[in-house]
Amino acid sequence: MSTQPAAADWRPALVPAAVLRHDPVRGADLLLLPERVVVLQGRGEVVVGLCDGTRTVRAIVEELTARFPGAPVADEVPAFLDGLRREGCLR
Amino acid sequence: MSVPASPWALLAELTHACPLHCPYCSNPVDLTRRSRELGTAHWAEVMRQAGELGVVHTHLSGGEPLLRPDLEQITTAAETAGIYTQLVTSGVGLDADRLAALADAGLRSVQLSVQAADPRANDRIAGRPSSFTAKEKAAALVRDAGLPLGLNVVLHRENLDAIDAVIDLGVVWDVDRIELANTQFYGWGLLNRTALLPTPGQLARARDTVARRRAGLPGRPELVWVVPDHFDGVAKPCMGGWGAVSLTVAPDGTVLPCPAAASLPDLDPPNVLDHPLDWIWHRSPAFNRYRGTDWMTEPCRSCDMRTQDFGGCRCQAYALTGDATHTDPACRLSPDHALVRSLVEHSEEGAPPKPWVHRRAGRRARRCPGPTG
Numbered sequence: 001m002s003t004q005p006a007a008a009d010w011r012p013a014l015v016p017a018a019v020l021r022h023d024p025v026r027g028a029d030l031l032l033l034p035e036r037v038v039v040l041q042g043r044g045e046v047v048v049g050l051c052d053g054t055r056t057v058r059a060i061v062e063e064l065t066a067r068f069p070g071a072p073v074a075d076e077v078p079a080f081l082d083g084l085r086r087e088g089c090l091r
Numbered sequence: 092m093s094v095p096a097s098p099w100a101l102l103a104e105l106t107h108a109c110p111l112h113c114p115y116c117s118n119p120v121d122l123t124r125r126s127r128e129l130g131t132a133h134w135a136e137v138m139r140q141a142g143e144l145g146v147v148h149t150h151l152s153g154g155e156p157l158l159r160p161d162l163e164q165i166t167t168a169a170e171t172a173g174i175y176t177q178l179v180t181s182g183v184g185l186d187a188d189r190l191a192a193l194a195d196a197g198l199r200s201v202q203l204s205v206q207a208a209d210p211r212a213n214d215r216i217a218g219r220p221s222s223f224t225a226k227e228k229a230a231a232l233v234r235d236a237g238l239p240l241g242l243n244v245v246l247h248r249e250n251l252d253a254i255d256a257v258i259d260l261g262v263v264w265d266v267d268r269i270e271l272a273n274t275q276f277y278g279w280g281l282l283n284r285t286a287l288l289p290t291p292g293q294l295a296r297a298r299d300t301v302a303r304r305r306a307g308l309p310g311r312p313e314l315v316w317v318v319p320d321h322f323d324g325v326a327k328p329c330m331g332g333w334g335a336v337s338l339t340v341a342p343d344g345t346v347l348p349c350p351a352a353a354s355l356p357d358l359d360p361p362n363v364l365d366h367p368l369d370w371i372w373h374r375s376p377a378f379n380r381y382r383g384t385d386w387m388t389e390p391c392r393s394c395d396m397r398t399q400d401f402g403g404c405r406c407q408a409y410a411l412t413g414d415a416t417h418t419d420p421a422c423r424l425s426p427d428h429a430l431v432r433s434l435v436e437h438s439e440e441g442a443p444p445k446p447w448v449h450r451r452a453g454r455r456a457r458r459c460p461g462p463t464g
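Keeping their order, the protein sequence lines are chains H and Z. So the first sequence is numbered by this note's numbering: it starts at 1 and just counts up by one. So the second sequence is numbered by this note's numbering: it starts at 92 and just counts up by one.
Hint data in this document are derived by calculation from the structure and do not stem from the laboratory. All residues carry an ideal CB built from backbone N, CA and C; glycine is no exception. The reader is advised that the hints may include incorrect statements.
[Unchecked claim] Looking from chain H toward chain Z, a few residues come up when the C-beta cut is under 8 Å (computed):
(1) 13
(2) 19
(3) 23
(4) 25
(5) 27
(6) 30
(7) 32
(8) 34
(9) 37
[Said to hold, decoys possible] No more than 25 Å apart at the CA atoms, straight line, and that leaves these computed lysine to any residue pairs for SDA-like:
(10) Z:327 - H:36
(11) Z:327 - Z:313
(12) Z:228 - H:16
(13) Z:327 - Z:315
(14) Z:228 - Z:110
(15) Z:327 - H:38
(16) Z:228 - Z:108
(17) Z:228 - Z:265
(18) Z:327 - H:37
(19) Z:228 - H:17
(20) Z:327 - Z:435
(21) Z:327 - Z:426
(22) Z:228 - H:35
(23) Z:228 - Z:158
(24) Z:327 - Z:299
(25) Z:228 - Z:243
(26) Z:327 - H:35
(27) Z:327 - Z:292
(28) Z:445 - Z:265
(29) Z:327 - Z:376
(30) Z:445 - Z:432
Chain Z extracted, bound-state conformation:
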């Protein structure tokens, strides 16, 4: 195999602790305890090594990264390493002093999550009262500080029909970018798939809305539509390929090709406490496991699309078929595609809302009802 190209981006999951409890959280179901989190010096060293490896972008994420009192020092370490920083936050806990300290530390941009444009719906999905109010305040603070601001809205059955309102909110909050990200079904999203899976009709309407609004906006905010992959019979080029573009460092220093890969058995992911990042990226068995095309089985192996979609998502292949080397069942060419078709066909328009489990440490801690009516 040829030498892998350098990674461009690092997702730094600084903590899995979070004031919100979104049922589609991208953190693993087994959340890392705070006592196992890397310390400041370790994170600073991760940033230094990442810069040397070729990383130029980092998402300072979580959980809620504002819960780390040393976020400023980690930000400075990234900036010193030449890495462009983006804070990925719920907005809960951000005040003017903290934002000023982060900007002084070198923070370049902010991505703010929003669960819905309606405050009550937002707080219900987030599982936290008054979180919408905190987000509204955070957006204004970021604007006042002159930092670029994007919204990230995870889409699912309960908010897809209200996309117009989300876009209106982005216009009122004067954001630069709105990422409309359809739920991906691993981890918590998989646990809550029945409640979150949209209907084909909802997706078609949402797509039309995005196209209509894009045509009507004067270039700002930029609307980014992250396509769902259960509905079109096409596998997404997950992470731009395994170990091809970016890496994730989990709170305890575990390094993964994507945040969901913690769910794969026998991956034996490396840790920054044991190995340099350079070795992890170039040499570790975990990063080479599904790199390139040699690992593929049919129909991927002989498919013309293999260097474009990379066989789709390994975590989804494992979650649905029990074998991570299988073709992603989202692809219509997969022998397991019927699994995905049957999910979609059972997603009915007008069906009553189903309960979901809010993300919490110690999973399934509490069942929460969907909306009434």
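Here chain H stands alone, though its shape is the one from the complex:
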């Protein structure tokens, strides 16, 4: 890989201020933070659900690859996690 957006040994976790919840009214998964709502697209909720501070990015990618064979997990998930970190949702 030419770029590695998120270090493979980072153990992402939601910041304490963030709440992950399903929104039945909109049929969406949301990350709630002060003054901010992040609407998770696709299977974002599944990815964020694995960010418990114990799993490494590498382990998350492996787990998702096993669950969703054929999905572009290795290409997309590290960048997705890095984006959430830049937005202040993960640490």
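Starting from the known structure of chain H, fit chain Z onto it as the hints suggest.
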């Protein structure tokens, strides 16, 4: 008209009572008496219905929400409804026990008002001695409790030149976010416009300061600059559109598309005591009155910006032109834009400070001098 999307946010004005008397308060000039406030069960029901309607954020605000002894129960009702809570407070009256009780009740975050970084200036603007000391203590308590903390600083002629100090204060208090909110001129802000309106030079310097400090900070605190709308010839997309994103419930249960809309005549705003929130949001005449673009007059009606700025602010259009369907005069395309231009042109650099009226029940109760020198 299509079915309006669900609201995301609820501003809960739990009380209009407040230990502070800021001259730009966003509460209406006619403050609701404490005897007319909704009770605990009504507020709990508002939160339940708001959650079902799609609200995911609430600002537990006032006045000073800490004056409600049932704030904990209201917080729990919001949390139970799946709504993320933020306490919007002056900090006056917050102690460790109260904060612990609120955190136990499910409180998620705190926004603390600060009037100025200089304690004497803070207390003078707030109209309350020692309020700065209370805020400093409150900030430390929130930090110790591990809750996210933001500062809200309303900006005007008398504190715009001291923004650097406000940002320094936020760094020292270890806050997550500083909202630098230029005064909006309705209600008390309109009453005190002469004293509060900044000069174009002040705003330009403040904008430069924010840009410089943003570049120098390591990502925290986040600096949010809420732009003034009298100076750029651009109308702000007020509330993200009328009845589009959020709703306000006033202390007596009146429901409004924005906290300033109480000033509009003939709006006949609905009340949670009379109607379900779902009906109020989707069906009430008040929430549909300026929704979408059908109500617009020219030049908004045929303007490409109409779905982005929604014609600006209805309350400002009414306050300045006497007609809430007019284009917001803050917009350079408004035929009434000269009203705003002349205000700005008369806002002189170096002019002596002008007196303001502190917010109090029974308006114009006391005139207070501006700073000396």
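Status of the hints after comparison with the structure:
1. For residue 13 (chain H), the interface hint is violated, since its Cβ never comes within 8 Å of a Cβ in chain Z; the closest pair sits about 15 Å apart.
2. The beta carbon of residue 19 (chain H) is positioned within 8 Å of a beta carbon in chain Z (closest approach about 6 Å), and the interface hint is therefore held.
3. A cut of 8 Å between beta carbons decides the hint on residue 23 (chain H): the least distance to chain Z is about 6 Å, and the hint holds.
4. For residue 25 (chain H), the interface hint holds, since its Cβ comes within 8 Å of a Cβ in chain Z; the closest pair sits about 4 Å apart.
5. The beta carbon of residue 27 (chain H) is not positioned within 8 Å of any beta carbon in chain Z (closest approach about 11 Å), and the interface hint is therefore violated.
6. At a threshold of 8 Å, the smallest CB-CB gap from residue 30 (chain H) to chain Z is about 6 Å, leaving the interface hint in force.
7. Proximity of residue 32 (chain H) to chain Z holds as hinted, the smallest CB-CB distance being about 4 Å (cut-off 8 Å).
8. Nearest Cβ of chain Z to the Cβ of residue 34 (chain H): about 4 Å, under the 8 Å cut. The hint holds.
9. The beta carbon of residue 37 (chain H) is positioned within 8 Å of a beta carbon in chain Z (closest approach about 6 Å), and the interface hint is therefore held.
10. With a CA separation close to 19 Å, the supplied pair residue 327 (chain Z) and residue 36 (chain H) stays within the 25 Å bound.
11. Taken as a hint, the residue 327 (chain Z) and residue 313 (chain Z) pair is honoured in the structure, with Cα atoms around 22 Å apart against an allowance of 25 Å.
12. About 22 Å separates the Cα atoms of residue 228 (chain Z) and residue 16 (chain H), which keeps this hinted pair within 25 Å; it holds.
13. Taking the CA atoms of residue 327 (chain Z) and residue 315 (chain Z), the gap is about 15 Å. The hint holds against a cut of 25 Å.
14. Using a Cα cut-off of 25 Å, the hinted pair residue 228 (chain Z) and residue 110 (chain Z) holds, with the two alpha carbons roughly 16 Å apart.
15. For the suggested pair residue 327 (chain Z) and residue 38 (chain H), the alpha carbons sit about 23 Å apart, so the restraint of at most 25 Å is met.
16. Of the pairs offered as hints, the one joining residue 228 (chain Z) and residue 108 (chain Z) holds, with about 21 Å between alpha carbons and a cut-off of 25 Å not exceeded.
17. Restraint check for residue 228 (chain Z) and residue 265 (chain Z): satisfied, since their Cα atoms lie roughly 13 Å apart, inside the 25 Å limit.
18. Restraint check for residue 327 (chain Z) and residue 37 (chain H): the C-alpha separation of about 21 Å stays at or below 25 Å, so the hint holds.
19. As the CA atoms of residue 228 (chain Z) and residue 17 (chain H) are separated by approximately 21 Å, the hinted pair is consistent with the 25 Å bound.
20. The suggested pairing of residue 327 (chain Z) with residue 435 (chain Z) holds, with an alpha-carbon distance near 17 Å, which does not exceed 25 Å.
21. With a C-alpha separation of about 17 Å, the suggested pairing of residue 327 (chain Z) with residue 426 (chain Z) holds against the 25 Å cut-off.
22. Taking the CA atoms of residue 228 (chain Z) and residue 35 (chain H), the gap is near 23 Å; set against the 25 Å cutoff, the hint holds.
23. For the suggested pair residue 228 (chain Z) and residue 158 (chain Z), the alpha carbons sit about 18 Å apart, so the restraint of at most 25 Å is met.
24. At most 25 Å may separate the alpha-carbon atoms for a hinted pair to count; residue 327 (chain Z) and residue 299 (chain Z) meet this at roughly 20 Å.
25. For the proposed pair residue 228 (chain Z) and residue 243 (chain Z), the alpha carbon gap of about 16 Å is at most 25 Å, so the pair holds.
26. Between residue 327 (chain Z) and residue 35 (chain H) the alpha-carbon distance is near 19 Å, which keeps this suggested pair within the 25 Å criterion.
27. Pair hint residue 327 (chain Z) plus residue 292 (chain Z) holds up; C-alpha atoms about 21 Å apart against a cutoff of 25 Å.
28. Proposed proximity of residue 445 (chain Z) and residue 265 (chain Z) is contradicted: the alpha carbons are some 34 Å apart, above 25 Å.
29. Between residue 327 (chain Z) and residue 376 (chain Z) the alpha-carbon distance is near 24 Å, which keeps this suggested pair within the 25 Å criterion.
30. Straight-line distance between C-alpha atoms of residue 445 (chain Z) and residue 432 (chain Z) comes to about 20 Å, which keeps the hinted pair within the 25 Å bound.
The structure does not agree with the numbered hints 1, 5 and 28 stated previously, though it agrees with the rest.
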